[in-house]
Each structure stands twice: as C-alpha cells, then as structure tokens.
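Order-wise, the sequence lines are chains V and U.
Per my numbering, the first sequence starts with residue 1, numbered consecutively.
Per my numbering, the second sequence starts with residue 494, numbered consecutively.
Check the hints yourself; a few may be wrong.
As the list claims (entries may be wrong) - Pairs of lysine-lysine residues, derived as PhoX-like cross-links and limited to a Cα-Cα distance of at most 20 Å, are as follows:
hint	chain 1	residue 1	chain 2	residue 2
1	U	600	V	60
2	U	573	V	253
3	U	573	V	101
To be verified - Computed Cβ-Cβ distance ranges for the label pairs, DEER-style:
hint	chain 1	residue 1	chain 2	residue 2	range
4	V	192	U	785	30 to 40 Å
5	U	785	V	400	51 to 61 Å
6	V	263	U	517	27 to 37 Å
7	V	76	U	583	22 to 32 Å
8	U	962	V	368	54 to 64 Å
9	V	52	U	634	27 to 37 Å
10	U	513	V	110	17 to 27 Å
11	V	63	U	908	40 to 50 Å
As the list claims (entries may be wrong) - Cβ-to-Cβ under 8 Å is the rule here; a few derived chain U residues that face chain V:
hint	residue
12	564
13	591
14	592
15	958
Hints in this document: simulated from the structure, not taken from any laboratory.
Owing to the predicted nature of the structure, the values given are computational and were not obtained by experimental measurement.
Glycine is no exception: its CB is placed at the ideal position from the N, C-alpha and C atoms.
Protein chains: 2
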Amino acid sequence: MAKELKELTKRSDDYSQWYLDVVLKADLAENSAVRGCMVIKPYGYAIWEKVQRQLDDMFKETGHVNAYFPLFIPKSFLSKEADHVEGFAKECAVVTHYRLKNDPDGKGVVVDPEAKLEEELIVRPTSETIIWNTYRGWIQSYRDLPILCNQWANVVRWEMRTRLFLRTAEFLWQEGHTAHATKEEAEIESRKMLDVYAEFAEKYMALPVIKGVKSANERFAGAVETYTIEAMMQDGKALQSGTSHFLGQNFAKAFDVKFTDKDGKQDYVWATSWGVSTRLIGALIMAHSDDNGLVLPPKLAPYQVVIVPIYRSEEQLSEINKKVEGIISSLKALGISVKYDNADNKKPGWKFSEYELKGVPVRLAMGGRDLENNTIEVARRDTLTKETVSCDNLDTYIKDLLDEIQENIYQKALNTRTSKTISVETYEEFKEKIETGVFIMAHWDGTSETEEKIKAETKATIRCIPLDGDKTPGKCMVTGQPSTQRVVFAKAY
Amino acid sequence: MAKELKELTKRSDDYSQWYLDVVLKADLAENSAVRGCMVIKPYGYAIWEKVQRQLDDMFKETGHVNAYFPLFIPKSFLSKEADHVEGFAKECAVVTHYRLKNDPDGKGVVVDPEAKLEEELIVRPTSETIIWNTYRGWIQSYRDLPILCNQWANVVRWEMRTRLFLRTAEFLWQEGHTAHATKEEAEIESRKMLDVYAEFAEKYMALPVIKGVKSANERFAGAVETYTIEAMMQDGKALQSGTSHFLGQNFAKAFDVKFTDKDGKQDYVWATSWGVSTRLIGALIMAHSDDNGLVLPPKLAPYQVVIVPIYRSEEQLSEINKKVEGIISSLKALGISVKYDNADNKKPGWKFSEYELKGVPVRLAMGGRDLENNTIEVARRDTLTKETVSCDNLDTYIKDLLDEIQENIYQKALNTRTSKTISVETYEEFKEKIETGVFIMAHWDGTSETEEKIKAETKATIRCIPLDGDKTPGKCMVTGQPSTQRVVFAKAY
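All chains, full assembly: derive it from the sequences and hints.
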C-alpha cells in the first residue's frame, strides 16, 4: 500500500499523538466506521497471532483446553450476580430485534417492530454468567472437577472514550474460566495464571511487570480478589496488562452450581477467571517504541529479519538474490522468520524507513561491495546501530543478536521503570511528584475513602498491592493510620 | 465429567436423532440458554482448532494474511448492495441500545431508553460491507492491489430452525475478502480458493466433494458467481461445505472503491470472498460416523492414539506405565498425538466405549500378557477390528496405520457417494428416486422457473453445476429444452 512516509510526532512533544502516529503509520490498526470499534490491520494482527500462539501454548502446558460459548448473554443473567451487573450494565451493546424490513417510506431498511425479542440479549462484555450457567449442566460430582477452560473471543464494552488497542468498544481477548472443588485449589489456579501472564510479559513482550493484588475499588465486578500485572509505559503511566480473578463461590451461587464431594456432601463450586486482550499490543508499542516508530521484541515480531538488496543492475540483483537465498534458508533453519524485499518499485532508503517504522528487529542490507567481500550490513532496530559482518556463520550470529535485542529491550524498559519509581513519605510530596510521570511507592491505610480522596485530588490510583518485595509496615501518607506495606500508585491508561 | 454411556439411536432408525446423539454424547457441543446459539465443548473445539490450523496454513501458503474487522455493521451499510440486504436483512441481530439501567420497579435491569443508538448496528452476518467500506481507504492505485485478507470470526444469522453445528444462529468461520485490479485475477482467486477448500476436504476431512458453480437461485447475495464444494452425507443428502464467490465490482461500486491503473485510468476494484465454518464439523460427523459414535479422520482427530492399560495390581500398572512411556515418546517423535489414560476410577471397558464414542482413530491396550510377550493390542476405530502386534517398530506401524485409516475413511465416503449417485432422464423417475436419498445427475434447462418448480415439488435443489466430469449436452428432464450438461440435484442440509 503506497503511502507517504512522514515523520512521527515526537514523544516529548505529544506522547498521545506519537502513540496514534505509530499505530497508524506502522499499519497496525485504524478506526472503523463503527464508533469505538477498530480495524486490526494485517501487520497488527500478525503481532496478535504471535501473542495468541504463545499464550495458547502456555495455557495448554498448564492443563487448559479451549472451548467456545455464545456471544450473547440473556439480560436476566447479568442481574444474577449483583456486583457484576453493577460493573457491566452501564456500557453494553443490547440486541433487541432480530429482523430488518424494507422502509415503507424509502429505499433503505428499518428495524421490524414485529421482530422484537422477548428478552433482550447483551453482547458479552465478559462471559462469567453464560459460562457458569453452562457449567451447572457439566458439574455434578468432584469427579467432574476441575474444569479448566479458556476461550479466545471478541467482547464488547461500550466505552465512551476510546483509543486504538488501549480502549476500544470491541476488543479481542482470551478469558479463562475454571471451576474447582476447593477454595485453596481455585486460589492456586488464579495465582498460577498470574504467573503465566507475568512470564509471558517479561520473556516474550520484554515488559517488566509488577505482580500484585488490586484494592477493593479496582477489583473485577464479581471477584473476591483480583490479581494484576502492571507495566510502566515510557511516560511513567501504568498499564494494567492482565488480570486473574479468584471469584470465590459468587458465580456458583448466582447460577446454582453445586457438586457432591468425596464424602457425599454438597457444596458450591469455586471459580477463577483470567484474561488478557489486544490491549497488550498497545502496551508493546508504548513501552518500547521510539520517535522513529515501532520497536518490537524479536519474539513477537511478525518477521524478525528483513533483507534489502542494494544494486545497480539487474545482473547484480540476480547475484545478490542468489547469495541471499542461501542466507534465508540458513536463517529459517534456525527458526528465524525472514522477509526478503527485492521489490523494484521502491528505493532502498524508502525500504529502510519503512522497516524501521514497522519495528523489524534486524535489517540486513547487501550491496555490490558486500558481494565481493562476502559481507553484509546488519542494522539493529533497538539501538539504531549498524555494522558490517562476514556472511560466514551469519545464521548463529543473527540468532544470538536476536536474543541480545530481546534482552536489551527488556533491560531498557526495566531501567525506565527503575528510574521512574520513587518512594514518598508525605502526601504533599506525592501530589508534586505524581505529576512528573512516576510510579510512587507509598503507605496507605487500606481504606477505600483514602484511595478515593487521592484519586479525586490527583487522578492517581492504586495500581496494586505488590506480592513481592518490601513488606515493611508504616503509616499512611494521607491519614497517618497504620499501613502493612507500601503500594504502587500511578496514573494509568 | 461423569456420564452414563448409553447406546446411540441407530442411523437406520432415525438419522437426525442419531446425529444429535453423537454430537451430545461425544461431548462435541450442546445447546445454550440463548436460542440457536451453541456451546462448543472442549472436544468439539479441539477438532475446530485442527481445522483452523490447517486451513490457516493453506491460506498463508497461498499468500493471504489475517486481519480483523468490526463485529458491528451500521444498518445503512447493508442497504448499499441491493441483493446483499435482500439476503441478510430478514434474519439478523440488531443492536439498538448501549446501556441498561436498574429497573425502577424491580431488582433486575432494563434497557435504558435514553441510550438509544442514532443508527442501529447489525451483528455481522458476513463482512463484505464493513470490509469494502474499509478497503476504500486502503486502495488508491494498482500498487495497493491485490489485497488478500482473511478473518477468523464469529457471525450471526437469525435462523429460525437450528441444528448443532449445521445451522446455528451464531457460528464460527473464516471469511476471505480479496481485492484485485482485474476481473481475470479475481476470477482466478475465487477458483483457487475453491481448490484449497476441495483439497482440505479431501485430504484432511477425508470427504470427497464435487466442485461446481451455483445456479442463480442458490448464489450468495451480492455475488456474480458462487463456487461451491458439495459433499454427500450417509443419508444421501448434500451438505454445502464451502463457498467461494466472485463478486465482480458489486461491492466496489456500492462502497465507491476505485483505483488508478498503470495507464492512469480509474476503475472499480474487483472482489472475491470465500468462507467455511463450524458447519464442517457437522459434515465430518455425518459423513463418517457410525452407530457406535464418532469416526474421525486421523488428520483432524484431537488425539490420534489412545493407550489404555489393563492391570491386576499396582505393581503391574507401574510396569505397564514404564513400557508405555517409551511407546509414547517414540510415537510423539513421529508427530503422532497420543493420550495415555491410566486413570484408576474407570474400568478398561468403560474407557474402550468412551474412546470409541469419541472416534479416536487408534486404541492401544496393554495387559500382563502383552508385557511378557512384548506385544500390544491395536484396535482401529474405522473398521472396529483388533489385532495384537509386536512392540518392535510400533511407531512406524502406527504411522502407516493412521495413513491407511485416513485413506480408508475417504474411500468409504467415496464409495457411498458413488453408490448413491444416479443419472435419470425423466422427471417421473426423478421424483421417485430423489426420495431414496441420492444425488441425481440430470439435465436442466438453465432457468430459475424450472429449478423452482422442482424444488417446490420435490424439495430437491440444484447443488451445483459441476466444473469437472461429463459435459455432454442433452434435454431438460422437465421442459425438454436444451441443456448444456447434467447438474447435481439433491436434498440438502
């Protein structure tokens, strides 16, 4: 697709506009004709496919299977769990009719008033209700447990202010829904999946995350406990990157799902749910990219290496093609994905900018002198550095380089987070420092009132009560009441 | 999940009930609380994942990429292509509101009348309209073409009479949508994807299909030409298993999508679309299964081999476990998927019936005597035969056996179709024979009138005008008018 390559807005000038520029110009996604719904373009979707494949493997390794539940939820189901309906009813798409008819007054179509549904259907904002209504039929005895299902699906939440990938009316996600015989087993499951998410974020997305528990205010609607992984974006804001919920027996009670245990006693089933979404792609972009465009960690890049020939004649091109063919097959043999761009309607300089914008981790360029010298130019996207290396053992060289890039991107993000994480002791200092784009570790008295006051006055929220790290008690920076440990405050996406 | 293993209804007693029994008892799917929407259970979904993975690879090998477009279609978009709206408006889910509120009179929730959408949204029944509205922004010049996108998605068609997998209000599918600079290229694409579907059906589903063109009456709403693959089920009925449409410039005109060609001339873009759905799982079941349950072709079976130990003591079990461990790793090394079921709460006989019901292609059983003799019992699901073989070279033996089973299942389906395909010359004979469950090759005058008369009188439709095979002209069995070739008539799902 021909397009003008323009400079991106600089991060330092307008971070939000820079983000939007990257999404649009790297061909990741665009807004659609439907308010709040995005089109995920092939290059953006290819990243999502990498995310899916890897997470799906990790879910299966931990004993989960996939299934599929209906898109629609009967309105009455939502009401069965009180907190749940409170959380989702205010922004949901409601199906009321099942037919259109020709407009008697015009050439279009109108809703047929005679085709009104008896009960309205909600387009799923999340699937706990329809799934627990189904599980009632699947579970009689402890022998039927655990159920460890995951679903890859689209969901809809009628958000009023949307932003590509980060917050859209429709988004793609996976939602795990598990059923257990004991509270302990369900709690272990919810923590296990949090660990899976953290491992995925750190190893694949190159994104350091803080694992923690949400405060009551920020808990999932219907959960007893919500675990979260929180990541820092380059502007110091937090992005909630995945959540895992221990749901207790709330949904089992709402949908009357009981089982008989080994001793013949009946009890309600224990539940978890956990999900990550296309929001992760927003996190990827905001955590690693720069003023030249996208920077992708090699493990999630649609292609890890692009090769561009630089030639003066058709004859030279055909020599380069031949040489590159060998390089491609040796790289592929090591599991490295490669694109060779020898299209003749674009200049090398245009291609260089294009692949830089698209965040391809390694760019190789081969010209006439390289042919003579058995060398090739290697450019790293993460550091924007170049060097000329020998073609001998290029495959293992590139393999090591991709590992190094993956690690470097992670370290860079970790350094950013370290340098932008501070501790404060007083609320005065908090109010001043929170404006500079930082994570603040501070003491909090554990009450919703204090949390709400802080949010109202500073727009910062408690991102999580960290599971790991410093557990020294102290005094709440606002009220002076006792605090069991510091929690993470930040402004968030 | 504990369940009583009951006998299935026999095919000869009630084919429809037998089908339903297989779907339910093999744990493939079930009806949900939402009218016409099914729950695809883990075992059924695992088959769909195999289908997806294989087709996705084939699409990518033929140059396609995946993308994702919105679930919702503005009502006005549907009206832009006249035939299209005619085809889909009568059965679609319409979103009219975006919020619920607490019922002032009760404890539930009601639609908030103040949250009415300005324009109603249709849950996509297919995505030509939203996609072509998007393509307008992607295409300016011939350099932007072709666009070769596919989407894996859920769609909704408000069918009044539904049947698990075969016809459901919501179903999962893939829809390819391509854009081309020339008519010829689009025609080639639509035929190419028909070939991909036919190859998939025959090689992976073990399902012989007839490739053909639909008559005008059976054409996709908005297409210039619809290509189809038609398969025969065991009762002699046809099941349309995949379609590929040459859309001409219809959607480009409806959404004003033009491009500038090499000579600077503007023209509308040429289009195709093509799709297969979870319906394929219905086809799999109905084509191959028997009165004992599901029969799966090895290439799409969630696991190809199940191993069951038969033991008298814990000690013997641990010896068998050790022996089986080696067998499993040698099978896995050949890419064969294996499940070892040594659960101690079920008897071998129960397990045998269970895996027979679930259509696992090969069942291995090892007992005490096998341990002594270095043998194992091998049972084939397709033929229900057993033999005892040596454990030496068991891996290659099983690999060959799986290939043989795949081929045998295909041959069986092909033999069924051959024996139930007849030619007739007169309409009298047609009316008699069509009631016996057959494909009838007959001459037709090419008019919609004749086709409709036949359909009204016999419920048989023209499944397709075959692309391959006999092209001898003749005379229409109804009107005596000239016919260019025989076409396939059948009753259909």
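Against the structure, the hints:
1. U:600 - V:60: Judged against 20 Å, a Cα distance of about 41 Å means the pair is violated.
2. U:573 - V:253: 48 Å, violated
3. U:573 - V:101: 14 Å, holds
4. V:192 - U:785: 30 to 40 Å: 39 Å, holds
5. U:785 - V:400: 51 to 61 Å: With a Cβ separation near 55 Å, residue 785 (chain U) and residue 400 (chain V) satisfy 51 to 61 Å, so the hint holds.
6. V:263 - U:517: 27 to 37 Å: At 31 Å between Cβs, range holds.
7. V:76 - U:583: 22 to 32 Å: 27 Å, holds
8. U:962 - V:368: 54 to 64 Å: 56 Å, holds
9. V:52 - U:634: 27 to 37 Å: 33 Å, holds
10. U:513 - V:110: 17 to 27 Å: 37 Å, violated
11. V:63 - U:908: 40 to 50 Å: Holds - the Cβ-Cβ distance for residue 63 (chain V) and residue 908 (chain U), about 41 Å, lies within 40 to 50 Å.
12. 564: 5 Å, holds
13. 591: Interface hint status for residue 591 (chain U): holds (4 Å vs cutoff 8 Å).
14. 592: Holds, because the Cβ-Cβ distance from residue 592 (chain U) to chain V comes to roughly 6 Å (cut-off 8 Å).
15. 958: At about 32 Å, which exceeds the 8 Å cut-off, the nearest Cβ of chain V leaves the hint on residue 958 (chain U) violated.
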